[in-house]
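Trainee: Given next are the chains, with one letter for each unit.
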Amino acid sequence: MRPYRAMARLAWRNALAYRVPFLMSLSMLVFNLAAMFALWQALLSDGNSLAGFTWPQMKAYLLVSFVTNCLVSTFTDFAMASRIRSGAVAVDLVKPVDYQKGRFAEALGFALLETTAALVVCTVVLVAFGGVPWPSPGQLALFAASLLAVVPLKFLIVYMCGLLCFWTQNYLGISLARTAISGILSGATVPLVFFPPWLRHVAEVLPFQAITNTPAMLFLGRSPGLSAVSALAVQILWVVGLWWLARRLWHVAVRRLTVHGG
Amino acid sequence: MAPLIEATGLVKEFRRPRRDSGLTGALKHLVTRRFDIHRAVDGIDLRVGEGESVAYAGPNGAGKSTTVKLLTGILVPTAGEVRVAGVVPHRDRIANAKNVGVVFGQRTQLWWDLPVGDTFELLRDMYRIPAADYRRSLGRLTEVLEIGPLLPVLARKLSLGQRMRADLAAALLHQPHILYLDEPTIGLDLDVKDRVRTFLRQLVADGTTILLTTHDIGDIEEVCGRIVVIDEGRIRHDGPVEVLRDALASASSVRFQLSASAPLDLIRERLGDAEVTAPGERELVVRFDRTTRTAGAVAATVMGLVEVRDLRINDEGIADLIRRIHRPDEVTARSGAA
Numbered sequence: 001m002r003p004y005r006a007m008a009r010l011a012w013r014n015a016l017a018y019r020v021p022f023l024m025s026l027s028m029l030v031f032n033l034a035a036m037f038a039l040w041q042a043l044l045s046d047g048n049s050l051a052g053f054t055w056p057q058m059k060a061y062l063l064v065s066f067v068t069n070c071l072v073s074t075f076t077d078f079a080m081a082s083r084i085r086s087g088a089v090a091v092d093l094v095k096p097v098d099y100q101k102g103r104f105a106e107a108l109g110f111a112l113l114e115t116t117a118a119l120v121v122c123t124v125v126l127v128a129f130g131g132v133p134w135p136s137p138g139q140l141a142l143f144a145a146s147l148l149a150v151v152p153l154k155f156l157i158v159y160m161c162g163l164l165c166f167w168t169q170n171y172l173g174i175s176l177a178r179t180a181i182s183g184i185l186s187g188a189t190v191p192l193v194f195f196p197p198w199l200r201h202v203a204e205v206l207p208f209q210a211i212t213n214t215p216a217m218l219f220l221g222r223s224p225g226l227s228a229v230s231a232l233a234v235q236i237l238w239v240v241g242l243w244w245l246a247r248r249l250w251h252v253a254v255r256r257l258t259v260h261g262g
Numbered sequence: 001m002a003p004l005i006e007a008t009g010l011v012k013e014f015r016r017p018r019r020d021s022g023l024t025g026a027l028k029h030l031v032t033r034r035f036d037i038h039r040a041v042d043g044i045d046l047r048v049g050e051g052e053s054v055a056y057a058g059p060n061g062a063g064k065s066t067t068v069k070l071l072t073g074i075l076v077p078t079a080g081e082v083r084v085a086g087v088v089p090h091r092d093r094i095a096n097a098k099n100v101g102v103v104f105g106q107r108t109q110l111w112w113d114l115p116v117g118d119t120f121e122l123l124r125d126m127y128r129i130p131a132a133d134y135r136r137s138l139g140r141l142t143e144v145l146e147i148g149p150l151l152p153v154l155a156r157k158l159s160l161g162q163r164m165r166a167d168l169a170a171a172l173l174h175q176p177h178i179l180y181l182d183e184p185t186i187g188l189d190l191d192v193k194d195r196v197r198t199f200l201r202q203l204v205a206d207g208t209t210i211l212l213t214t215h216d217i218g219d220i221e222e223v224c225g226r227i228v229v230i231d232e233g234r235i236r237h238d239g240p241v242e243v244l245r246d247a248l249a250s251a252s253s254v255r256f257q258l259s260a261s262a263p264l265d266l267i268r269e270r271l272g273d274a275e276v277t278a279p280g281e282r283e284l285v286v287r288f289d290r291t292t293r294t295a296g297a298v299a300a301t302v303m304g305l306v307e308v309r310d311l312r313i314n315d316e317g318i319a320d321l322i323r324r325i326h327r328p329d330e331v332t333a334r335s336g337a338a
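Here the protein sequences line up with chains A and B, keeping their order. Heads up: the first sequence begins at 1 in the UniProt record's numbering, then just goes up one per residue. Heads up: the second sequence begins at 1 in the UniProt record's numbering, then just goes up one per residue.
These are computed hints drawn from the structure, not numbers from a lab. Any given hint could be a false lead.
Said to hold, decoys possible - Quick look at which bits of chain B chain A covers, simulated, 3 or more residues with Cβ under 8 Å: (1) 67-81; (2) 98-110; (3) 126-137.
Said to hold, decoys possible - Okay, derived cross-link-like pairs now, SDA-like style, lysine to any residue, Cα gap no bigger than 20 Å in a straight line: (4) K193(B) - R163(B); (5) K98(B) - V89(A); (6) K98(B) - P96(A); (7) K101(A) - A88(A); (8) K98(B) - M1(A); (9) K157(B) - Y18(A); (10) K98(B) - D98(A); (11) K101(A) - L112(A); (12) K157(B) - R19(A); (13) K157(B) - W111(B); (14) K98(B) - Y99(A); (15) K98(B) - V91(A); (16) K193(B) - R107(B); (17) K101(A) - I94(B); (18) K157(B) - A17(A); (19) K193(B) - T108(B); (20) K101(A) - R91(B); (21) K157(B) - A88(A).
Please read these numbers as outputs of a predicted model, since none were measured by experiment. Ideal Cβ placement from N, Cα and C applies to all residues, glycine included.
If we strip away everything but chain A, and leave its shape as in the complex, we get:
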């Protein structure tokens, strides 16, 4: 554990060195949140409900989605991609740490900063726009657990996309595609209940929905009793499965490494 704890700590300190780009990307997410708030407020504020969403519930949904958008988004992928492309990854490969665990430790260090920033924004929004329906202690515990599971889940998706740099040597396209696909299929853009049935079925069998849909539904208490536990179990199964898959991908990817000069 000691090496990974140290890596997480240093990643956190390094993130502070990059506070300006961090705040810029955070502000992008905040603007996005503001736009969604304006849109849904116009649709729901006069007491309407759509697909079972009232305005306070939608506020809660948007905030959960904002938090899951913040997690593991700003540093991990571009940092890793640029190290692979520049060949600096060579230095990582002669360190006595497992590559995947090492990157995860760094993502956790960054996540600490991201969580702090997200909580500040949420507090400000709650003060400005009024309250949201607060879940029961049981729901809250399930929600917290699922939010914790979002970190490794999102990390693994980002990590595997980063590994694709061993093939493409260009990351921007991959990152944009990942953001778009994940944004839609996770439910971060629009809740899954608004999807046409076929797209909803597609989304439900993919891991992305566990990023935003699962924690949001748990917070709102929309998955009662056993189905809440099974939603959490699905999330954890995805983490285990993707962890294994990412390892296989790494072993294939590292064989393709070419580092020229120096």
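Assemble chain B onto chain A, guided by the hints.
Mentor: Below, chain B alone, put in the same frame as chain A:
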């Protein structure tokens, strides 16, 4: 005793996309991808014993860096085997990392935006170095590399020489048995080069096994006991640096500028075992053994046969010798003359 570093039949091939120039070339590449196989390392056998200091020399693109990356486990070989201290580096990276230190002259392992000391503390935890060992190791390294004042400085603010010394310390904190250095003195000024070399000599004296790639003759002569010359992915020469130096002690050459083209056959006949080459039409180089003939005698012989406009007498350095090893055509010319 089994060698510490053992490579057998090592091969590394890269696939290079082949693309014609221009827009049509780019479009064609999208549809039909063609690749050239490039063999950067072509069947290398290398054994390095404990405590040896080996220079790995050769021209750009010869496969020096690729070999180091295969030995450190960064690259996976296309064929052949590597064993370093009993470990296959690319299969067991973590075990291998604990045995070796690596310094890349053109790449840093310091965290760019953090103070140097922070990177050192990270390395302490990464290698699980006990507190007492770390203090001793850091104390020794800061003293001999004079990096004490650099510890609180951000890595990106360091000059190249400072960065190099900090990188050396970073690679040695965990006291590895083996140190690989890929062009460790590239871009450094003479003073810093000298300090780095003195430090490396000291490491060798303390029993660390060193393998360094370099273009710099000084690195070879001052640090290494053995030199391996590689070209086009193959080993061309492998032997003690001393033998090379002894060969140099007796090697000398005279370079002539002539007024007319030289009667090569006649000169060769008169000079017997000396090596006579004509790099240009009105140029002549005679390499000879200083113990059997003098520069004066060589000059007199040539001047008796052709009008000489200018001449220069050189002692040969290791650089010239390596260059000749690199250029098989000149070597053939010599054996043809002998």
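Trainee: Taking each numbered hint in turn, which are not upheld by the structure, reported in ascending numerical order?
Mentor: none
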